[in-house]
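Using the sequences and the hints, build the whole thing.
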Amino acid sequence: MKEFSASLSNALLITRREVRDSFRDWRILGPIIIMTFLFPYVANALAGEMIDFVNFYGGGVISTRAIPFLLMVVGFFPVSLSLVIALETFVGEKERRSLEPLLSTPLTNWELYVGKTLAAMIPPLLASMGGMTIYLLFVVGGSAAWRPQAVLVVQIAILTLVQTLVMVAGSVVVSSQTTSVRAANLLASFILVPMAIVLQAEAAIVFVAPDFNSPTGVAFLWMMMGAMFVVAVLLLRMGASIFNREELLGRSIDSINPKRIAAGIWRSFLSVDDSGHIAHSLREVYARAVPHSLRRVRPMLWVGVVTFIGAFAFGFFIGNMPAYQPDLPPNLMTLEGMTQLQITAPFLEQAHRDQAIGDVYGFHLRYLFVAIALGMISFGVAPLLMMPVMVGVLGFATAILLANGITIAPIWAAAIPHLLFNVPVLILMTTASFRMGALVTKLPPGLTLGQAWNQALGDALKLGVFVGVPVLTFTYLIELLILSPLVRAVVG
Amino acid sequence: MIEAKQLRKVFDDFVAVEDITFSVGTGELLAVLGPNGAGKTTTVRMMTSILVPTSGTCQIAGFDVVKQPAQVRGHVGVLTEQHGLYERMKALEYLDFFGRIYHIDRDTLKKDALRLMERFDLTDALDRRIGDYSKGMKQKLSLVRALIHNPPVLLLDEPTSAMDPQSSKLVRDAIIELQKDRRTFLITTHNLAEAQALANQIAIIRRGRIVARGTFEELRRRFAGEPLMELRVNGSLSGALEAAAGLVTIQEQGENWLRFISQQPERDNPALLAKLIGLGVEVVTLAPITQTLEDVYLNVVKEDEADERIQRIAQ
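Top line first, the protein sequences correspond to chains X and Y. Quick note: the first sequence, position 138, residue 138 per this note's numbering, numbers continuous. When you read off a place in the second sequence, starting at 1, and then add 492, the result is the number in this note's numbering.
Note that these hints are calculated values from the structure, not bench results. One should not assume that every hint holds.
[Claimed, not checked] Simulated pairs of lysine to aspartate or glutamate, EDC-like, Cα-Cα distance not exceeding 20 Å:
(1) Lys582/Y <-> Asp21/X
(2) Lys627/Y <-> Asp613/Y
(3) Lys559/Y <-> Glu3/X
(4) Lys630/Y <-> Glu95/X
(5) Lys582/Y <-> Asp624/Y
(6) Lys630/Y <-> Asp613/Y
(7) Lys630/Y <-> Asp21/X
(8) Lys630/Y <-> Asp665/Y
(9) Lys627/Y <-> Glu95/X
(10) Lys582/Y <-> Asp25/X
(11) Lys602/Y <-> Glu585/Y
[Said to hold, decoys possible] If you anchor each label on the Cβ, the simulated ranges turn out as follows:
(12) Gln743/Y <-> Arg97/X: 42 to 48 Å
(13) Arg97/X <-> Pro657/Y: 21 to 27 Å
(14) Arg620/Y <-> Arg97/X: 41 to 47 Å
(15) Gln355/X <-> Val502/Y: 50 to 56 Å
(16) Lys661/Y <-> Ala6/X: 38 to 44 Å
(17) Met390/X <-> Pro527/Y: 58 to 64 Å
[Unchecked claim] Here are some chain Y residues pointing at chain X (derived, C-beta under 8 Å):
(18) Arg580
(19) Arg592
(20) Ile596
By construction, the Cβ of each residue, glycine as well, lies at the ideal position given by its N, Cα and C atoms.
Put into structure tokens, the structure is as follows:
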């Protein structure tokens, strides 16, 4: 605790200096003053005009809903400044070369990161909260019938805070990979565009369901807050991970070299050890390269296993809810029962069965590479969400069969190849894809962001191509050539 | 005080520093010379625990740069290549900020800051914003910042590069004074005269490797050869050349001058003079040619370039 407080005190040294510096810059101070004091007045005046106009045409509901919408706008405009300040604080200092003297001091990376993050957040948040307070005072003191509801005000305040966090955390990620404010500003569109989309969604919710009488609207806002909070935490974690001296002074993606990136991924794809030596034959791939990647993925395998079990349990739980249980004939597992059901009847035909086996094979193959692709752009979260969609259905099906008193043994017997081969592969690939996000949010010691990302992507592709594809193909062939004729022989 | 062993730094597939080994004792100054991009700054950054060496070890004031980065940074004062000052601040405010990072108490900090500002002739600029300082003043203030926590080791990247001659001398004098105070220095510089004047040891670094290291005398002997003498005469030397060649090894010659190598000038020079006077030659001057660090440096670079060409052909 004492250590934490000493660290925080060091971080606040940075914050104080930077905030003071920001307030000495008229280019930052000017907009803050305008947005805190003038903007709420303008927003309120415009709201008044709008209310009169729409009331004249009988659109009373629009008028009252414009007021909380404008509250959100008054709050958001100043926090958009946090992006500018954050880029200035991080990459600006790097560009002016004033970062290196700071990096040469005993301050830790964490102290520098926290200090600068707070510095980027405090002035815009003060302006935002000040602006919203002034706006609300105008509203309360004015003639509008609408009165602020505590929940909505709290929600908008928290949303503003979370948005600031997301923008600042995103700026750190951008800043640490560039060497000039210009390049950082160009990359900042990757933060601004998603934020603008989020703001539009929030605006729609506030317009459609702005008050406490609309629990769905309130719940949606809480959900958006939660989702943005998760994104902020991931970005902050990633920022803290890459805000290190090595990364700050050693890297730049101002110019991208696709050939070099491809070469890096290729090296990682065929690597047989951590030094970057590559396999030169298929034998070496299976003898050294694949085991090397398996060793690296293994510590995280529990994530895939837990997700698999959780997804199955979730599907099973839903399947046990009476509202979701269809009535199934108790003789479903017989020829007669299968004929009765529209969903199972086609499976009595050989061609349809073979087609279905092929479809499942194709679906699983697609899953491997879609999981990798989505893992790359979602901090590894998307593969964890995809798995439940697939496995949850199995849990759900098992639950409804059991609830209808149908024996599931034949189904599970037919699924043995899946359970033995496909499920482990899917768990492995989910883990490998998740690892791409996990590694960049917490870099392994000695690796840069690019190296860690290359390594994780290379491992995932290697396991997908050299383990996933052959195993899935093997299962497909067993099902097609052995199981399907066996079923035909048994069922007729 | 500084002990670097086989330091290596690789960025992706680019080897920035390769097998750098040196040691600098307490109170000594090592000057690191080399062209831009040779690996000087990367070496300094590894020594301040900003960059982690890919392999090798380095100890500063007894602390390991990888295992004890905070202690290392607490014991070094760093002057970076670019001054990197906060231009909207005033000098005392700036020094107060850095002093507090090192947990120096306010009174000591203020006293030391004022003393150092006076030592570097910056007292008149106390009330001005740093942005209004000249380049040289900014460089001096950066040096004050590097000294504010009284570090035993100083790593200075181009300490006098932006200064006028007067300020350069002031800084050089301060370095000499601090050396007497048992501070250890590593400076990187392109100013060869300054390196020659200040350094106990010189290391020439090229393509990430140290290609020559030693005292100036050692390097001079190794890379600039034996001392050269120059003789100038009235009129033409042509008739006397044969006589001179019998006594000394002639390196270069002109119409009325020649340069020669002498293993024993105290023996060869009087003999040569006597011979020339005997032949009726009017000698104007006979003096040694001063070999500077620049001569040494250029020869080292030339030799290394030749090595590089051979390596490339071999590949």
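Here is how each hint holds up against the structure:
1. Lys582/Y <-> Asp21/X: Holds - the C-alpha atoms of Asp21/X and Lys582/Y are around 11 Å apart, at most 20 Å.
2. Lys627/Y <-> Asp613/Y: The hint holds at about 14 Å.
3. Lys559/Y <-> Glu3/X: Holds, because 19 Å separates the two Cα atoms, which is no more than 20 Å.
4. Lys630/Y <-> Glu95/X: Answer holds: Lys630/Y to Glu95/X is near 17 Å, not above 20 Å.
5. Lys582/Y <-> Asp624/Y: Holds. Lys582/Y to Asp624/Y sits at ~10 Å (cutoff 20 Å).
6. Lys630/Y <-> Asp613/Y: 12 Å, holds
7. Lys630/Y <-> Asp21/X: 18 Å, holds
8. Lys630/Y <-> Asp665/Y: Holds, at roughly 18 Å.
9. Lys627/Y <-> Glu95/X: 18 Å, holds
10. Lys582/Y <-> Asp25/X: Within the cut-off at roughly 15 Å; holds.
11. Lys602/Y <-> Glu585/Y: 10 Å, holds
12. Gln743/Y <-> Arg97/X: 42 to 48 Å: 46 Å Cβ-Cβ, so the 42 to 48 Å window holds.
13. Arg97/X <-> Pro657/Y: 21 to 27 Å: Holds, at about 25 Å.
14. Arg620/Y <-> Arg97/X: 41 to 47 Å: 21 Å, violated
15. Gln355/X <-> Val502/Y: 50 to 56 Å: Taking Cβ atoms as reference, Gln355/X and Val502/Y lie about 54 Å apart, which means the hint holds.
16. Lys661/Y <-> Ala6/X: 38 to 44 Å: 42 Å, holds
17. Met390/X <-> Pro527/Y: 58 to 64 Å: 59 Å, holds
18. Arg580: 5 Å, holds
19. Arg592: The hint holds - Arg592/Y has a Cβ within 8 Å of chain X, the shortest such distance being about 6 Å.
20. Ile596: At about 12 Å, which exceeds the 8 Å cut-off, the nearest Cβ of chain X leaves the hint on Ile596/Y violated.
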